[in-house]
Each structure stands twice: as structure tokens, then as C-alpha cells.
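Colleague: Spelled out, the chains give:
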Amino acid sequence: MIELYNLHKQFGKQVVLDNVDFEVREGETVALLGPSGTGKSVLLKHIIGLIKPDHGKVVVDGKDVSTLKRRELSELRSRIGYVFQNGALFDSMNVFENVRLGITDQAKYSDYDYCRERIAECIRLVNLAPETIEKFPAQLSGGMRKRVGIARAIAGAPKYLLYDEPTSGLDPVNADIIDSLVQRLDNELGVTSVMVTHDVRGAFRVADRLALLSEGVIVMQGTPQEFLASSNPKVREFLERDFDNPSFAA
Amino acid sequence: MNVLAALGRWVLEGFSQVGRLSFFVIESARGIGEVRIWWPRMMVEAWNIGAGSLFIVMLISAFAGAVTALQTGYQFTGSIPYYVVGTLVVSSIILELGPVLTALILAGRIGARYAAELGTMRVTEQIDALESLGRSPASHLVIPRVLAGLIMIPALTVLANLSGVLSGWISVKAVLPVTDADFIYGAQYYWRPWDAYYSIIKAFFFAGSITIIACYMGFNTQQGAEGVGRSTTTAVVTSSVLILVLDTVLTRLLLNQ
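So the protein sequences, as listed, match chains A and B.
Going by our numbering, the first residue of the first sequence is number 1, and it counts up by one from there.
Going by our numbering, the first residue of the second sequence is number 1001, and it counts up by one from there.
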């Protein structure tokens, strides 16, 4: 379980997260919605300890992330898969080596036969052709890079998956492919997922629960149905564009 | 008053940078136990530094040796014995020109490369990705680069010294009636084995300043392509200035006791 208590973060004078309380229960998929620049990615990075809060607590499986020692933090991170916005693949390594780095258990990482099988399985799960493993990130399209990023995140069989804008910058067809993939992985792997996105349509397709972050504050949390029924002006304003979209209505 | 305030801010910022740099070095040193991670990467980096820089380092040192020899001949012809040319060429190259020129070239070549590589990795979230996978950026990225520099830059300095001395020897024979025996006699007359150690000790310190500053600047890159450019420039300028400061300090400490 992931719990955020009174989380506050500011950069200089700009308050990015203003005493945010938020939780993600075991096995659920939560989409964190909000316009660009409202602190969604900053919140996600707090969960994995890449950013420390000014005050407040991030608790994952009962442990306060900001107080963990190096080894404990490393152990926690091995249970969390993080999908970066642009893949964040290592340019100097091919897909095989990139995905292999996601195998966080050192004994398994050193076992080449295990790695080959596990990487082939992850590549298949994200719908990429087997020959992709020989390619370098520069030889892949944006959508393929994101899928390799997902393959790397799931390679260590994590308990939690954090997605940072998995569909941003993609055309609608590729965005749909990624959304379906997220949904399928959640069902097949049984992971707990948090997806940061400003794509309302994708969030409604994938998530069990939604949260809207605006100006550093969680404006509303609830099921997709509760969001649709909400009269909160900020929720209405954010959803309006997609309500008018026929594909969303369908 | 505004000037004083600006000066105060500048001094405080300087101390703050030194503090952050020290913290970066201590944090990075914690990864030294992960030998199986940094060893293969260090070998690759060492090869890149050595093979990639050998030609330019030896070329520049050869020209420095030749010019030193020719200017010595021009300034001292008729006033002092010819064998002094051997003394001056060997001392100038080994004590000063070899290590300093090699370090300044490598500050541009290796320092810029490391700062740009790590800066790009920072802005494209590759360093964050490494951390998110529970892996240490220090043992994957910093330690291999710093250790490769600490091994290869002194080695390149030794080769640069050889290249400079040989080039000076050949050049001076072409323009002055200096025999091989004169040159060797002059080179040996004031020679102390400590000079060679001093040259390598200086190169070792220069290597540390080039690689650590480049890695630190790369790691602290912000704001996209512009930030990468700024980090790269700052890394080269800072390490070049530090090389000159260290050169003076080490000369005072190791030669003028």
C-alpha cells in the first residue's frame, strides 16, 4: 500500500505539492490526472524516493521512504517499476541490456540464461517483436521506446508500477495501444499501479480510481463514475474537453 | 553597497558549491565496494581516454618540446654552453609543460565529454532511471570515469613527456651544433629522479580535478540542452582554472620546501 500524508514540496518560492494526502490500495490502478506542471510527476518521484519532501510522509508497505538508508531504499526500489515519460532508456545500451537492468535481483541478473528468457517474456508482454532486443534506443520509435521502458519496469517482477505520462507525445492509435497494455499488465501481473497522465480518456479506460491534482492540491478522488457525476468546477473544467469528444462518449 | 552584496553572494555561492562537491565525492566514494559493477566500465573508459587522446597529447607535447628547444637555442647561443639546452628542455617538459599541457588538453577533451554525457543522461532522466532500478549511479557512472582518468592521465603524461623531450632533442640538433652527448650530458647534469615522480603526482591531481568536476557538473545539469551546454562549458573552464591553481600550489609544496 502507498500512503502520502501531508506531503509538501516547493522549489524556490513555487509550491508544487501543498500538503497532499493520497493513498493507493493493494491491487488497484489509480490515475493521477491534472494539467501539465501541477506536480504530478513530482508526486510520483516522491513515492520512489527520487525527491525528498520538505515535510510530510511517503509510506510504502509501512516504511517511510524519506528515512530509509541506502540499502533499504534500494531494496524498496526493487519492488517498484517506474516507467519514465520518455522511456529514459540508456542510449549506449541495446534493448536487451536496457531491459536486463530492470532485473533487480543480483543472482538472477548474473544468470545469463534466466535473463534471456525473462527479457524475451517481457518483450512479448509489451507486444514488441523478438528482434527488437538487438536494437539501440535511437533506432526505435517513440511508442516502441515507451514499451521498452515498460518492459524494463516489469522485468524485476515488481509489486508496484508507476507510470509517468505513458501516452504523452503519442498519436491516438499508439496511445490506445499503451493504455491497453497497461490494462493487460495490471490484469496479468496483478500489480498495483499509479498512472500520472493528462489524458482523461485513457485514464477512464484504465483506472479503478482517479485523483485530480490542481495547483498542488488534490481536488477530488473517486471512481470514474463519481468523477462524471461531480459538479466540482475544476473537475468539470478538466473533463469538459473530453466530454465533447465523441470517442470519449462512446 | 550593491557591489559588496554581489560579492558576498558570490562568495557564499562558491562555498556552497564546494560543500555540494564534497558531498558528491563522499556519496560517490560509497560505491567503491561494487567492484564488479565499476571494473568493466572503468576498463572501457580507460581505453577511450588512452586510445582517443594519445595522438593529440603526443602531438602537442612534441610541438611544445620543439619550440622550447628552439627558443632556448635562440636565447642562449654564445652565452652559455650548449649542453644547457638539454637541461632546460628536459626540466621544462617534465616539470611543467608535459603535465600541464596534457591536463589542459584533456580538460577539453575528456572533461567536456563526461560533463555532456552525464548532463544529457540527467536531463533525459537516465540517471533517475538508474536510481529507480535500485542501482547506484556512482558505481555505474562516476567511479569508472574518475578511476579511468586517475590511471590514464598520468600514463598519458609520461608519454607526453617522452614525446616532448625527444622532439626537443631532434629539433635542437637540427638548428644548433649540439651533439647527442651534449644533450644527454645536460639532461643528466641537473636530473633528479624526484622530477619524474613530481610530474606524475601533478598529473594525478590534475586527473582528479578534470574527472570529478566534469562528473559533478554533469550530474547537476538542469534545463535541457541549454543546461548541458552550460555544464560542459563550466566543467572545462573550472577544471582548467583549477589545474593552473593546483600547478602553483603543488610547485610550492613539492619543489620549494
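Hints may contain errors.
Not close to chain A: a few residues of chain B, all C-beta gaps over 12 angstroms, as computed [to be verified]:
#: 1; residue: 1002
#: 2; residue: 1022
#: 3; residue: 1031
#: 4; residue: 1066
#: 5; residue: 1109
#: 6; residue: 1127
#: 7; residue: 1130
#: 8; residue: 1166
#: 9; residue: 1230
#: 10; residue: 1254
Think about it this way: if two alpha-carbon atoms lie no more than 20 angstroms apart in a straight line, the pair counts; the simulated DMTMM-like pairs of lysine to aspartate or glutamate are [said to hold, decoys possible]:
#: 11; chain 1: A; residue 1: 159; chain 2: A; residue 2: 64
#: 12; chain 1: A; residue 1: 108; chain 2: B; residue 2: 1131
#: 13; chain 1: A; residue 1: 69; chain 2: B; residue 2: 1128
#: 14; chain 1: A; residue 1: 57; chain 2: A; residue 2: 18
#: 15; chain 1: A; residue 1: 57; chain 2: A; residue 2: 72
#: 16; chain 1: A; residue 1: 57; chain 2: A; residue 2: 26
#: 17; chain 1: A; residue 1: 57; chain 2: A; residue 2: 75
#: 18; chain 1: A; residue 1: 52; chain 2: A; residue 2: 72
#: 19; chain 1: A; residue 1: 52; chain 2: B; residue 2: 1131
#: 20; chain 1: A; residue 1: 69; chain 2: B; residue 2: 1013
#: 21; chain 1: A; residue 1: 159; chain 2: B; residue 2: 1013
#: 22; chain 1: A; residue 1: 135; chain 2: A; residue 2: 97
#: 23; chain 1: A; residue 1: 63; chain 2: A; residue 2: 26
#: 24; chain 1: A; residue 1: 52; chain 2: A; residue 2: 64
#: 25; chain 1: A; residue 1: 13; chain 2: B; residue 2: 1013
#: 26; chain 1: A; residue 1: 108; chain 2: B; residue 2: 1013
#: 27; chain 1: A; residue 1: 63; chain 2: B; residue 2: 1034
#: 28; chain 1: A; residue 1: 69; chain 2: B; residue 2: 1131
#: 29; chain 1: A; residue 1: 69; chain 2: B; residue 2: 1034
#: 30; chain 1: A; residue 1: 52; chain 2: B; residue 2: 1034
#: 31; chain 1: A; residue 1: 63; chain 2: B; residue 2: 1013
Here are some of the chain B residues that sit facing chain A, going by a computed Cβ distance under 7 angstroms [unchecked claim]:
#: 32; residue: 1040
#: 33; residue: 1132
#: 34; residue: 1133
Calculated from the structure, these hints are not laboratory results.
Here a beta-carbon is modelled for each residue, glycine too, at the ideal position from N, C-alpha and C.
Colleague: Each hint: holds or not?
Modeller: Outcome of the hint check:
Non-interface status of residue 1002/B relative to chain A is upheld: no Cβ of that chain comes within 12 angstroms, the nearest being about 22 angstroms off. The claim that residue 1022/B lies off the interface holds: its Cβ sits roughly 18 angstroms from the closest Cβ of chain A, which is beyond the 12 angstroms cut-off. Here residue 1031/B does not stay apart from chain A, with its beta-carbon only about 10 angstroms from theirs, under the 12 angstroms limit. With a closest Cβ-Cβ approach of about 39 angstroms to chain A, residue 1066/B is found to remain outside the 12 angstroms limit, as its non-interface label requires.
Annotated as non-interface, residue 1109/B keeps its C-beta farther than 12 angstroms from every C-beta of chain A; the closest such distance is 18 angstroms. Listed as outside the interface, residue 1127/B is inconsistent with that label: its C-beta sits roughly 9 angstroms from the nearest C-beta of chain A, within the 12 angstroms cut-off. A cut-off of 12 angstroms between C-beta atoms contradicts the statement that residue 1130/B is not in contact with chain A; the least separation is 8 angstroms. At roughly 37 angstroms from the closest C-beta of chain A, the C-beta of residue 1166/B stays outside 12 angstroms, upholding its exclusion from the interface.
For residue 1230/B, the non-interface assignment is confirmed: its Cβ lies about 18 angstroms from the closest Cβ of chain A, beyond the 12 angstroms cut-off. For residue 1254/B, the non-interface assignment is confirmed: its Cβ lies about 38 angstroms from the closest Cβ of chain A, beyond the 12 angstroms cut-off. Pair hint residue 159/A plus residue 64/A holds up; C-alpha atoms about 17 angstroms apart against a cutoff of 20 angstroms. This hinted pair checks out: residue 108/A and residue 1131/B have alpha carbons roughly 19 angstroms apart, not beyond 20 angstroms.
For the hint pairing residue 69/A with residue 1128/B, the CA-to-CA distance comes to about 18 angstroms; that is within 20 angstroms, so the pair holds. Among the hinted pairs, residue 57/A with residue 18/A is consistent with the structure: their alpha-carbon atoms are about 13 angstroms apart, no more than 20 angstroms. Among the hinted pairs, residue 57/A with residue 72/A is consistent with the structure: their alpha-carbon atoms are about 16 angstroms apart, no more than 20 angstroms. Simply put, residue 57/A and residue 26/A have alpha-carbon atoms about 19 angstroms apart, close enough for the 20 angstroms limit, and the pair holds.
Straight-line distance between C-alpha atoms of residue 57/A and residue 75/A comes to about 19 angstroms, which keeps the hinted pair within the 20 angstroms bound. Among the hinted pairs, residue 52/A with residue 72/A is consistent with the structure: their alpha-carbon atoms are about 15 angstroms apart, no more than 20 angstroms. In summary, the hint linking residue 52/A to residue 1131/B is supported, as the alpha carbons are separated by about 14 angstroms, within the 20 angstroms threshold. Between residue 69/A and residue 1013/B the alpha-carbon distance is near 29 angstroms, which puts this suggested pair outside the 20 angstroms criterion.
For a cut-off of 20 angstroms, the pair hint linking residue 159/A to residue 1013/B is broken: about 43 angstroms separates their Cα positions. Between the alpha carbons of residue 135/A and residue 97/A the distance comes to roughly 10 angstroms, so the proposed pair stays at or under 20 angstroms and holds. Pair hint residue 63/A plus residue 26/A holds up; C-alpha atoms about 15 angstroms apart against a cutoff of 20 angstroms. Restraint check for residue 52/A and residue 64/A: the C-alpha separation of about 11 angstroms stays at or below 20 angstroms, so the hint holds.
For the hint linking residue 13/A to residue 1013/B, the alpha-carbon distance of about 19 angstroms falls within 20 angstroms, and the restraint holds. At most 20 angstroms may separate the alpha-carbon atoms for a hinted pair to count; residue 108/A and residue 1013/B exceed this at roughly 46 angstroms. Straight-line distance between C-alpha atoms of residue 63/A and residue 1034/B comes to about 26 angstroms, which puts the hinted pair past the 20 angstroms bound. Restraint check for residue 69/A and residue 1131/B: the C-alpha separation of about 14 angstroms stays at or below 20 angstroms, so the hint holds.
For the hint linking residue 69/A to residue 1034/B, the alpha-carbon distance of about 17 angstroms falls within 20 angstroms, and the restraint holds. Taking the CA atoms of residue 52/A and residue 1034/B, the gap is about 25 angstroms. The hint is violated against a cut of 20 angstroms. With a C-alpha separation of about 36 angstroms, the suggested pairing of residue 63/A with residue 1013/B is violated against the 20 angstroms cut-off. Because the smallest distance between the Cβ of residue 1040/B and any Cβ of chain A comes to about 12 angstroms, over 7 angstroms, the interface hint for this residue is violated.
At about 4 angstroms, the closest approach between the beta carbon of residue 1132/B and any beta carbon in chain A falls short of 7 angstroms, and the interface hint on this residue holds. The beta carbon of residue 1133/B comes within 6 angstroms of a beta carbon in chain A, closer than 7 angstroms, and the hint placing it at the interface holds.
In summary, the structure is inconsistent with hints 3, 6, 7, 20, 21, 26, 27, 30, 31, 32 from the numbered list given earlier, while agreeing with the others.
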